[in-house]
Amino acid sequence: MSDDLAIILTAGLLGTAAGLLGPFLVLRRQVLLSDAVSHAVLPGIVIVFLLFGSRAPVPVIIGAAVFAVICVLGIEAIRNTGLVHSDAAIGLVFPTLFALGVLGVTEFAEGVHLDLDSTIYGEIAFTPFRTWEVFGVEVVRSLPLLGAVTALNVLLLALFWKEIKVTTFDPSFARVNGISPVVISRCILVAVAITAVTAFESVGAILVVTMLIVPAATSYLLTVRLLPMVLVSVGIGWISAMGGYSFAISMDASIGGSMGMVAAACFVLALLFAPRYGFVTRALVRARRRSAARKPAEAGT
Amino acid sequence: MDWLIDLLPLSYTDSVVFLGAVILGVAAGVLGAFAVLRQRSLVGDALSHATLPGVCVAFIATGAKDASTLAIGAAAAGLVAATMILIIERTDRIRPDAAIGVVLSGFFSLGIVLLTYLANFNNSNQAGLDTYLFGQAAGLLEQDLTVMGLLCLISLAGVALAFRPLKTALFDMAFAGSVGLPTRLLELAMTAMLVIAIVIGVRTVGAILMVAMLVVPTITARQFTSRLSILLVLSGLFGAAVGSIGALISNSGGLPTGPVIVLVGFVFAMTAILLAPGRGVAWRAGKIMRDRRRAATEGVLIDLETALHAGAPPTPEELATVSGRPLRTVKRALTDLDRAGSLRRDGDRVYLSEAGAAAVHTLLDRRDLWTLWLEYGWRLDIPDAREPDPRRLRETLGDDLTDQLLAMASEEQAGS
Amino acid sequence: MSTETDPVASPGQAPALEVERLTVSYSSRPVLWDVDARIPAGRLAAVVGPNGAGKSTLLKAVVGLQGVDTGRITVEGFPASSALDRIAYVPQRDEVDWDFPITVEEVVEMGRYRSTGWIRRLRAEDRDIVADSIDRVGMTPFRKRQIGELSGGQRQRVFIARALSQQAPVMLLDEPFAGVDARTESALLDLLAGFRDEGRTVIVVHHDIATVRARFDWALLLNVRTVACGPVAESLSDRNLRRAYGGVSGEGDPEGATWIG
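Chains as they are written, first to last, in the working numbering: chain D, 1 to 301; chain U, 1001 to 1416; chain X, 2001 to 2261.
Just so you know, not all the hints are guaranteed correct.
[Claimed, not checked] No more than 25 Å apart at the CA atoms, straight line, and that leaves these computed lysine to any residue pairs for SDA-like:
id, chain 1, residue 1, chain 2, residue 2
1, U, 1331, U, 1357
2, D, 165, U, 1091
3, X, 2144, U, 1390
4, U, 1287, X, 2092
No wet-lab data here; the hints were simulated from the structure.
Sequences and hints are given; from them, build the entire structure.
Shown next as structure tokens:
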């Protein structure tokens, strides 16, 4: 497999895994919670590394998931005191957890295989060199990993589509009908954490957050129904992966950063030209209406 | 700045870091309050990330590396990002949280790309990004301090001068507009203040942790005061305390400054949330416990009165049986009553002292008053539906209304 | 209750609020479309109509919070934009952060800021006006409380006191009775009627037709366009209500009526 293909596939798989979850974060107004969770998993990674000396996927994912839950529970606990608004609670909890992680890295794990650079902003350019031997065939490690996470997210949506849909749309109705919005919400955020931590070493925290948020927000401007929103969001993830890669190669710039920029560019285009919600589109409609409204008025005078 | 640095009993570098952390704390504390109180603290998170491309562009454009040029670039990018957030929210389709997230991601991606672009020319590695993300307090120079200090002073003066318009806009934007205040300008001013706080702080604590410095002082201060003016002062002081303590700990332990400051801040905020008098979680829990205990004690007091009416003074055990309460509760209540001087004891048996009898009367009167309120209260001409506290009805209603209520009731009973 | 047909109370006196050919649109849909309305001075007037009829938008347009596509708004004969000191506006309360660190007294003081100047200290007379306003709405015992510690009706009183302290001849209130019980609503209405009796014009966005019939003397019935504007007895005729609510009478059943709008 060529390096180019490996990188694009890795980013595309991330775009898929994240694009599946993103729409629900946007609809549930949990975008920033997902950003918080993506950062808060760092101490989980560090602790697992300190305890087991490994970055093996399964223990790291468990450690990350534990801290994702700690982060969410902590934010909720603080918010539920009624003394702090939820935005401030988020702004208090996740930097604290992240600071713990940074201290752990700099104090105990520096110089070993765990450095901040690769954890936080990763370097997707190196993914082709991290390989696994599977039945004598060399496989780029990120592909089966992200593939598994994507499959997990697909499974989550396929199994609980109805539940996720109803808790997103009308949480109190769901609760009355025996579906716990809290449980569903936790599941989604744990999935976010797993996606984030798996993608960390290949693409880094920043690109994960970007892939979770930007394609979904873009898709929200373009679609009015749930399933199309999810699919378009995944599609924009792929567009960002491919477009970003070619941009990065031609400009010799950061690949992850370029992908994020392409995603953001898609958003800006949608913001301006989306059929129903775009600024330009709406300005045109408004101008037409206004002239229509003025005509009878003028005719009257 | 020289004299200040000389004044501190620290090494030169440590003094600079210490002062930087204090300025950061004051700025983030006072200016951050205007974001936190509007429930837009996470805009601060987005803007901290969004200053990166500004720094890069300033560097590319001027080639200068001095603090003020880069600060101008950072501030410009922050303002642009803040404006973008507002514009995106105006679609009505994208909600504030998504708008903030999109701008954060977009600007930061741009920043990373620009940084690699820089690296290609300068042969420098990506150490710049590390510094940017996690802060590098040790890299602060004396001239940085001067810039930071001036920015901080100017914006604090601005807050003091425009305190009333800011307070009005912060509390009630619609009202502010209706009395002719320039709401757009005030909104811009508040955003600019947030950007200034970030520009001052991001070098020390870094982009990711900056948001904690913005929220911690306000969260802490809010638990101790319900007045905005006092809150701003307290917030600045708490910010300075967090910054300086964090800087000292990190100096003595050889730990990275940003994370340590944030952890100290967390301790401050949580202490306030838990222990603040009148508001804190522990304080409220204590009040609930005291209230419950008082309710139990009053209940036992009335049971005792009933038992005394029925026969001889009971023992605690008998009282427990008669009243159907656990013996432990009864004993604890009796201890409380003893302490209040309401009890007399005759060996094992208890009966009421004069004070105790009076207490029972007051209690029964209050109960009766509540019954009367339920029966006749609707006829009282009270201004609006109060939410009366059954135990303190007289206090909630006021003496006038209470007397009216009693008069009404006695009239009614005389009539029937 | 006034039942006169002539909308101008006394010749030569400009109406408290006059709106001519006003069109306002959000994004692409017109919310107010070629609206004309006139509310004479010294009335307790209601702005009535189904949800989405543009009631709040009208008030916002008057105080300049909402941009206007076209049209003219005058307050006591002056263009609204230069008559802000003649208007006291009480916005909808649903966006207020009740945990905000501010006391009752401070909220009411805001009403004096404009006339005192935004930087100068409040004068003794301002403090008197603030104290009087608080007293007038019966909140004096609560003046040092943080606003979150009040009941719904009391909170609304605070905002009415703030409007009162502005000492403006025209008061605009946007859904002031949302979320308060009937008894409180009635008490607040007494208060507003008192302001009217002192010669002020009080304009209230409301959705309960029965209350408007019983307590108000002027009504502007709105559904994107003006359906009727005049003394309550005329403007709230069954025919007009049917036109405004699209066949469903709003009488005593605002919820039933709103699904149409």
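Outcome of the hint check:
1. Note on residue 1331 of chain U and residue 1357 of chain U: the hinted pairing holds, with a Cα-Cα distance of about 19 Å set against a maximum of 25 Å.
2. A C-alpha spacing of about 24 Å is found between residue 165 of chain D and residue 1091 of chain U, which places the hinted pair at or below 25 Å, so the restraint holds.
3. Of the supplied pair hints, the one linking residue 2144 of chain X and residue 1390 of chain U holds, its CA atoms being roughly 23 Å apart against a limit of 25 Å.
4. Restraint check for residue 1287 of chain U and residue 2092 of chain X: the C-alpha separation of about 35 Å exceeds 25 Å, so the hint is violated.
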